[in-house]
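Model the placement of chain R on the given structure of chain S, informed by the hints.
Each chain, letter by letter, is given below.
2 protein chains.
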Amino acid sequence: MSEIDFEKMGGLIPAVLQDEDSGEVLMVGFMNSESYTMTLRTGYATFYSRTRNKLWTKGETSGNRARVVSAATDCDRDTVLLRVRMEGAGVICHQGTRSCFNESVPVDVPAASEGAAR
Amino acid sequence: MSEIDFEKMGGLIPAVLQDEDSGEVLMVGFMNSESYTMTLRTGYATFYSRTRNKLWTKGETSGNRARVVSAATDCDRDTVLLRVRMEGAGVICHQGTRSCFNESVPVDVPAASEGAAR
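Chains as they are written, first to last, in my numbering: chain S, 1 to 118; chain R, 119 to 236.
If you are wondering where the hints come from, they were derived from the structure by calculation, not from laboratory data.
Fair warning: there could be bad hints in the mix.
[Claimed, not checked] Calculated cross-link-like contacts (lysine-lysine; reagent style DSSO-like; alpha-carbon spacing at most 30 Å):
#: 1; chain 1: R; residue 1: Lys126; chain 2: R; residue 2: Lys172
#: 2; chain 1: S; residue 1: Lys8; chain 2: R; residue 2: Lys172
#: 3; chain 1: S; residue 1: Lys54; chain 2: R; residue 2: Lys126
#: 4; chain 1: R; residue 1: Lys126; chain 2: S; residue 2: Lys8
[Claimed, not checked] Computed from the model, here is a short list of chain S residues facing chain R with C-beta under 7 Å:
#: 5; residue: Val68
#: 6; residue: Cys75
#: 7; residue: Asp108
[Stated by the list, open to error] To spell it out: a stretch of chain R is covered by chain S in this simulated footprint if at least three of its residues, at any positions, have a beta carbon under 8 Å from a beta carbon of chain S; those stretches are:
#: 8; stretch: 122-136
#: 9; stretch: 139-151
#: 10; stretch: 159-166
#: 11; stretch: 172-184
#: 12; stretch: 197-207
#: 13; stretch: 214-221
Note that CB positions come from ideal geometry on N, CA and C, so glycine has one too.
With the rest of the complex left out, here is chain S (with noise of 0.2 Å):
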């Protein structure tokens, strides 16, 4: 646990939780040392809200939980990825989409790179 570099961002880190089978990324929420611990004790993602100040377990209302496969952390040790299995209906978002990145912005690509994919 003391691994983890928490210090950097004022005892939060981000947290990625991605589809084990579909490769999706679902969301992102943040940890703190405490929630952080817990996840990895319970084989649950569970997060601290910055906004009400509070751990909370993904799902813990609606049972759609996300049981953690397998988690790493990077090089810097300041952020988790979780492969993770949904339960209950498999949705994630409270918007009741399977991932909560559903808002897609415009890039405007370089004409010049066009067709220089590699």
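Frame of chain S, contents of chain R only:
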């Protein structure tokens, strides 16, 4: 641009980079409004370094740039997911790996939930 909630975290949002082809989560960085705008306008992932207090474009020296294929924000509009194709040597981590998430973290999966994958 103004539709992103930068205020929630003191001017920054986490940005998740995901490989467009493999679905692999490559890294998480932070963007301020300026680097976010630059990312969308140039089509290359540009971050705000919290430790160096400056903007940096991924691969600006190595050539391993992350070309943005598509972008989406989430239901809270406080994080962004970028699907990218790596250029150059195709490695994103300064340690020379395809992804920055290489440090496995053990998870205690309760015995009762074994086999209850869905």
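Structure-based check of all given hints:
no.: 1; hint: Lys126/R <-> Lys172/R; verdict: holds, 20 Å
no.: 2; hint: Lys8/S <-> Lys172/R; verdict: holds, 16 Å
no.: 3; hint: Lys54/S <-> Lys126/R; verdict: holds, 16 Å
no.: 4; hint: Lys126/R <-> Lys8/S; verdict: holds, 17 Å
no.: 5; hint: Val68; verdict: holds, 5 Å
no.: 6; hint: Cys75; verdict: holds, 5 Å
no.: 7; hint: Asp108; verdict: holds, 5 Å
no.: 8; hint: 122-136; verdict: holds (count 5)
no.: 9; hint: 139-151; verdict: holds (count 6)
no.: 10; hint: 159-166; verdict: holds (count 3)
no.: 11; hint: 172-184; verdict: violated (count 0)
no.: 12; hint: 197-207; verdict: holds (count 5)
no.: 13; hint: 214-221; verdict: holds (count 4)
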